[in-house]
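First to last, the sequence lines map onto chains A and B.
Numbers 1 to 363, taken from my numbering, label the letters of the first sequence in order.
Numbers 364 to 726, taken from my numbering, label the letters of the second sequence in order.
A hint or two may mislead.
Which residues of chain B face chain A? A partial, calculated answer using Cβ under 10 angstroms [to be verified]:
(1) Asp636
(2) Asp639
(3) Asn662
(4) Leu683
(5) Thr698
(6) Cys701
(7) Leu711
(8) Leu725
Read the hints as simulated data drawn from the structure, not as lab findings.
Backbone N, C-alpha and C fix where the C-beta goes; we use that ideal spot for every residue, glycine too.
Number of protein chains: 2
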Amino acid sequence: MRDDRYIVIMAGGRGERFWPQSRRNRPKQLLPIVGEEPLLAQTVRRVLGMVPAANVLVLTNADLVAEVARICPGLPADNIVGEPVGRDTAAAVGLATVLVRLRNPAASYAVLPSDHVIHDEASFRLVLERAFEAAESGDELVTIGIEAAFPATGYGYIQRGEESMRLGEMPVYRVRRFVEKPALELARSYVQSGEYYWNAGMFIWSAASVAAALSAYVPDLWAGLASIEQALAAGRPLAEVLEEQYQGLRKISIDYALMEKAPNVLTLPGVFDWDDVGAWPALLRHLPADAKGNVTRGNALVVDGADNIVVGSGEHLVSLLGVSGCIVVHTEDATMICPRERAQDIKLLVGELAKDQRLCGLL
Amino acid sequence: MRDDRYIVIMAGGRGERFWPQSRRNRPKQLLPIVGEEPLLAQTVRRVLGMVPAANVLVLTNADLVAEVARICPGLPADNIVGEPVGRDTAAAVGLATVLVRLRNPAASYAVLPSDHVIHDEASFRLVLERAFEAAESGDELVTIGIEAAFPATGYGYIQRGEESMRLGEMPVYRVRRFVEKPALELARSYVQSGEYYWNAGMFIWSAASVAAALSAYVPDLWAGLASIEQALAAGRPLAEVLEEQYQGLRKISIDYALMEKAPNVLTLPGVFDWDDVGAWPALLRHLPADAKGNVTRGNALVVDGADNIVVGSGEHLVSLLGVSGCIVVHTEDATMICPRERAQDIKLLVGELAKDQRLCGLL
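Please construct the entire structure, taking both the sequences and the accompanying hints into account.
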């Protein structure tokens, strides 16, 4: 248990692909999409034991703070920070840096997404422990790379360079470059080379190192964050300061702002199972299927059908006859039906709701 | 308005093909599947004006009597008759004959199904009027034949013989034979011949003629009915008598028992629109479709999909993305999804519910 280490969990996403279960005020990370607990609660539980609960911060949307507090009763209220508006990940990381520095300028911290599923928690914690060690041994920015299991086009990639050090049996590589989501052919060549990892948005660094990097690569953003830091140091309430100043920060991702530019980046291979639960078909990887490949949650009946994903709610029965390869999600006020291959397009459907005054209450 | 004519509406079916909207205690004829009123209420309204309300009887299942009374507030309570068990159509017709004879031995009456849709009510009433005239002009059993619009394999057929008479401009044919549901090739030849009508289960006859025919062709059944008639004539309550004796009647259809055997059968061509609303695709014939052929009732949203039938309930939104040719029916406690071509098989799904103790409450 290291009290000079912090964990900052990024819980700002909307997760429209999980509509109608996910809503604006109840996004994916607050739902038990996989498992019995909300994904965020799983993420918090996964790191408790490495750091005290007092050192776990959650950054979320201001309108979700109360719900996050309800889901994470073990965290101090002050540790749940609401962004009044979304300003992308560089501003969020900058804010995290400010908040950690104010508590302990000598601390290091990890940035973790709130909505990923990792079952092999022991391996995850070991890699995270080593990543902290790597970050604390110098001024490098450390990331955990996920072994690219297939040529995914939905993730950014990290190309590793030479080995920088070994911590126990674990190699730590210098990063040659961060690359954006590739086309399929390019993704294939990445996977074949064996030199590329998926970028899962997990970063570990000392507050001092990331502050220096932000100051060097996005000085305008850092100036805004320094102003926030000053106001907080002067004792002004966090919510008030953010309401006033956060919206003025430049909107840019941490990958663009920092990771693609900084020369001092290291990566550790994430030798644990990992799933970003990007859309409903993720359930196929986590729930048992029947003999015909149907995966169901809740009260469901499939007759003459295969390879369906059916998610019910309460006692309501969702029944399929002669239907295959479909996703059906029922909630109290809305039902959604689409073929599995359209799972990514559910956000289009959500876009249609937004256009219709009668329906936008379902967003 | 003829008070020596009666209408007996047969409302005993279960309509499992309309699950989950139809249930054992709320079958198809009690639902507004097409139109705003329950199909039974439409059927009653269609004949009022031809006979007094006091001369309209409804035969239904004993457990549906209260609901039928609620749906048909204009009918005297005594006119809603509940069968304690279903004994097929010959017993039901026999019971109707007994009930009509007790009120007026010289009366004629029409047997009409409760769950068919006919929009052209003026033509329907004209044909029915002529059918009564034909029945009252002798001792013939009269049926209304529906022009066979396509080679349906789901209906029985009536082959006409020579013209027997003309009533106004309306020909009345002798019936050569009743035939059961044919295979497709045979059905095609029937339609091509121009001599065949669909058997829609509409019969018109004098109480005396049908009593004589039942007595001649199903004497055992008629003996049982005569015993019921005797008990009623002695003043015993109808429900009590039926509870005691109805179950003992032979179970046989009126087509087998009578229509296929009697030589004195006439048919009038039903020159009106007619739809037996056999399954959900019937909605395509009665509700407007959008530009892509989607027919929806209630709160529905179809994105990138065509030729769907979507039936919602209340405010609940049923949304489809990239789905075509499907039937989706939502009710408060169950949702059903199947391809349009499986509409007839919904009864299989209902059969699956019956096997599962958790689910049989949804029957």
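Here is how each hint holds up against the structure:
| no. | hint | result |
| --- | --- | --- |
| 1 | Asp636 | 30 angstroms, violated |
| 2 | Asp639 | 22 angstroms, violated |
| 3 | Asn662 | 8 angstroms, holds |
| 4 | Leu683 | 5 angstroms, holds |
| 5 | Thr698 | 5 angstroms, holds |
| 6 | Cys701 | 4 angstroms, holds |
| 7 | Leu711 | 6 angstroms, holds |
| 8 | Leu725 | 6 angstroms, holds |
Comparing the model with each numbered hint stated earlier shows that hints 1 and 2 do not hold.
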